[in-house]
Structures are given as C-alpha cells and as structure tokens.
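Please work from the sequences and hints to get the whole structure.
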Amino acid sequence: MKKQSEHEIRGAIRRLVAERADEVSLDDSASLLERTNLDSLGVVELLVAIEEEFSVSIDFVTVDPESLLSISGLTHHLSLLMDGSNVD
Amino acid sequence: MLVTRGALIDLLARHRPNDAAVETGAQQTSYKQLLDLTRAIQEQITRSPAGAGPIVIADDPGAGTCAAIAAAQALGRAYVPLSASHPATRIQQILAAVEPALIVQSDRTAIRMADALSGRYPLLTISRQLDNLSWARSPEPVVNSPSPIGSDIAYVMFTSGTTGRPKGVPVRAGSLMAYLDVATKRFGVRPGDRASHFFDLTFDLSVHDIFVTLLGGGTLVVIPAEQRMLPARFIREKEISHWFSVPSAAESLHRVGALRPGIFPRLRQTLFCGEPLRWPVAEAWQAAAPNSSVINLYGPTEATIAISYYVVPKRRSKSDDIYGIVPIGQVFEGQHGRIFSRPEAGEQPNRGELQLSGSQVISGYLGSGDGRDAFASDPDGVAWYRTGDAVEQDGDGLLHFVGRIDHQLKISGYRVEPAEIEDAIHRAFPACRSVVVRCDRGERRGLVAAIVCEEGDWPAASAVREACASSLPPYMIPAHVVELVSWPVNANGKIDRAAVRRQLEEHIGPVVVAQPGAKS
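In order, the protein sequences belong to chains C and L.
When the letters of the first sequence are read in order and numbered with the working numbering, they come out as residues 351 to 438.
When the letters of the second sequence are read in order and numbered with the working numbering, they come out as residues 16 to 535.
No lab work stands behind these hints: they were computed from the structure.
Only a predicted model underlies this, so the values are computations on that prediction, with no experimental measurement involved.
Beyond 10 Å from chain C on every Cβ pair, some chain L residues (computed):
| # | residue |
| --- | --- |
| 1 | H30 |
| 2 | R54 |
| 3 | P64 |
| 4 | S133 |
| 5 | Y136 |
| 6 | S149 |
| 7 | P154 |
| 8 | K253 |
| 9 | P305 |
| 10 | F355 |
| 11 | A360 |
| 12 | E362 |
| 13 | A389 |
| 14 | L413 |
| 15 | I420 |
Just some of the chain L residues that point at chain C, by a computed CB distance under 7 Å:
| # | residue |
| --- | --- |
| 16 | Q242 |
| 17 | L245 |
| 18 | S267 |
| 19 | R270 |
| 20 | V271 |
| 21 | A273 |
| 22 | R460 |
| 23 | G461 |
| 24 | A494 |
We put the CB at the ideal spot given by N, CA and C, even for glycine.
Right, here's the structure in full:
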C-alpha cells in the first residue's frame, strides 16, 4: 500500500464527498451532517466508501464519531491511521 | 399501580438525593438538585400571572428540560416540546396552535431560538448552571387567548401532517400513566442503572427516556447529537446499562462493522422503536450485547409512546421471520388491537390495517386535525385509531409490520408525510409538481424529491432544499432533488409513486428520466 501525503488524502476525501453531496463550496471544517444534504445514512455510506478507497478500517467502536463529521477531521484521522498501518 | 400526575414528583423525592438523576457531558445533576429546580420552576409559574395554558419547553434534552417537564406535570399542565433545530415558521405555527401560558428556555438555546420565540408569550430562562431562573419576558396580567389544550392533557407532540401543517397529537395524562404502568414493570430501571437519553424532546419516545428512568431512580445519560449516528463509543464510555434508540443507530453500527461480539458487555436492556428492525441487525446487536435483552417496541404517537412489544429470542424460529424484519409482537395487556381486512374482497383475515383502542389511544387531534379520517367508531361506541400500518398476524398471534397503506415514510424513526414536503416545494415553485419518496438502494438514499416543471427553469436542487428548510424540520429536507421529464403513471392515470422510487433507485448519474407512455 502506497503511503499518501495528507494533501493527497484530503483531495481524495474531498472527491468522495463531492460525489455524494451537492454543496459546491464546502468548508473543510464544516459538519457534513449540518452543512450538506447528507443525512446520517449518507455519512455512514461515505465512511464505508472512504474505508474502501484507502483500504483501511476505521475502528468505529473506539473512534469519536464527531471527529469523522468534517473533511478536516476525516483527513486527520485517515493520516494517523495510514501512518500507523504503513511501514515504509 | 397507577399514580396521578401530581404524585410523580413525590416519587422523585423518594430516591437517594445524592444519586445522579441526569448526566450531560461532565455535568451531573443529583435527584436533590433536580427536585429543587423543579420546585423553583413550579414556584415561579405559580407566583406569576401567567395563564393556565400549556407550558412550552424550548431547550435541548438535559436536567433543565426534565425539571420543566416535571414542574408542568406537578402543576397539572400539558407540556409542548420544541426543537432548536426546527425553523422559526414551524415553531410559530405550533405556538399559535397551542396558545401556551409560557415558554421555558435555557440560556444554551436562547440565542439560537430568539427569532422563533419572539412574540407575546412569557419566557422563563433557566441558566446553564441550573442555579438561576429569570424572566426574559415577564408574564403580564393580561388574558391570553384560552388554550385549546385541557388540563387532562400531559403533553402534545407535533408530527408531520398531510395537510401541509404540523399535526398536534394531545396525549392525556391517563394515557401516559397507563403506558408508564406497563413500561416501568416490563422495561423499568433501578437505582444505579444508567439509561440513554437518545431522543429529541419533539420525538415522543423521549417521554419514555425521561419518565421511566427518573421514576426508577436511575441516571439519565444524555447522548450528544453528533454521537447519535454511531453511538458505540458513547455506550461503552458512559457505561450505559439501558439503551433505547431507533433501529437506525444499530443499523449504522452494523453497516460499518462495529457490532463485534461482546463489545457492549454492560448493556442489560435494549429497546428499539420507531421503524422496522431487521433481523440481521437485531442478531448482531444481541451478539454485541450478550448480557442484554433486546426488545422491539411498536407504537404510533397517537397510542402513547409504544403499545406492542416483542422480546427478541436468542435463537429465531422460522415463523418469527416474515420479510426479514423482527415482529412487533403483541399489544400490551389492557390495550386492544385488531386487524381490519375485507375478506369479501379476497383479503386474508390475518392481514390488513392495524387499528388500536384502549386507554393509551388519543381521542382526536388538536384543532381540525388531519385530512385523513383517522378514527373509526364501532356501533357500540368504541373508537379505534386507524394506524395506517399494514400488519400480518402469524399462527402464534404475533403481529408483523409489513408496510404502510398510505404514502407515509419513516426517516430515522420520524414520521414524514410526503404531502407536507410536496406542499412546501409547490408553494416555493408553483410551476413545479413534486413527488417525495424514500430510496433505500442505488446512489441516492434517503428522502428524494422528484420534480417535474411545467414551465420556466427547473429550480436548482439547493434552492428546493432551502425552500424546505425554511418551513420544515431537518429530517424532512430531501437529501436529493432530481428532475424528471414526466411522471410514470399507473393504469388509472395517477402518478405511480412506486415507479418513481424504482426509477430513482435504478438510474445512475444525473437523472432526466423519461418513461414510455408517461404523461407530463
């Protein structure tokens, strides 16, 4: 698995969000639940797509779901996850 | 044992005063503090010249709202909850419909709700630390318009209505007591238990959270809104022993693979209500919470919180599984259910609309009510509430939910009448006609508005959503807005809603769907 920079991760997450949400200019720190047309069901499907895209599994038992509700939160979480799971 | 409303507060006073009654984040409120606050609110209202109408509660769930609700019950008043997430126009409609004596708010929600609560009603503010009460707008010794809500009503919930306005469901104190009698016996909590407070106050399942937990002497643990979507960490960290939510919360955890065996060892009781519970989700939850009973409740707001139940067995039998969803079981003792079917029209006698009767069932809606004739009266005078839910009774007498006989939808347990959304869209865009459906497959999930415009430009999806947001609660805003060239119609020339849904679920990409033989 190729290690990705935070910049690349953010770009990929933005793309996955854009494929699902109809808001064109979404602030990275904005809540996906409050500021997009995605409801909780939509956010859950987005999270599953992110796991598939990066071939990682988020531990939803221990993670604070609030940290998964914005593009910046997701980027941060994925960066940590991929750092930990990738040994170059 | 039925208690009166006034006696509820005496029951609270019997609990250990230093036990935690309500926990919101790091803030713990003991039973003594809760009682003191309740009595202080009661005293403010009694000493003021505010009229005799209901008490509106405009605050997020927490100790303040619990105290305000307890005070309303002690005073023999109905309470009417509002949500800060609802638009001002909807809140104003509700205020006008109930003519409250006063509104109780907190300084947490005062700014967010300032527009919505503007007007003439007295406004009592509870401070964030729960140590101060102040009138933001003092009651005047003027005569309010008399409220249409009598002193026999415990609370009024507003649900989606087919007439384009929220529909008020007044629940009598006697109905609430009848429910609590069953619920505290069958699903009760005890001192030391930690029960979730998942539901918003505008959802009647919150009445169960508050009353059953506080009457039992347990601790009500408020789940923050942003944790509700995936609540696994909350349940574990807060050491919840009694969980109650819509099945959606479990469905989401199941979808992301979080319901691993044994992750909720402290759970002892799980209740689900508000929407169909799928068997795979119920079984995954049971495995995740091996020490918990799992109970599926069913009940429309009109029948007071829940009126039937089914205890999920550790091992399911074949007869329990019709259409892959968990039965809604049997109607509570003392309440009555019947299946309305027309065998003369070839319908099976064990399948039809569920009708309900008994002390938990309301006798009518607030005001003129709804367009639908919701109550059927027997020749002997017994009134039956027509739920609109189609059920099937199996050989063991258990009821299974099989669908709706009308177009009503459920979104995260909330009832949604498509007509109310379609009306909001039509008012904003008079040249357009819309049909709102719920999609469960394909790339568009959740509420989807399909629109056909006769003339002019098709409105942008964001404009349609904004129009909905100005008058409807968040769960009624369509997630997707799709333009159709024409409507699919059925043999009678009517718009075929099922076909609209199928098209939206099956079609990929930006949709402009044309259907052979369709009319515009």
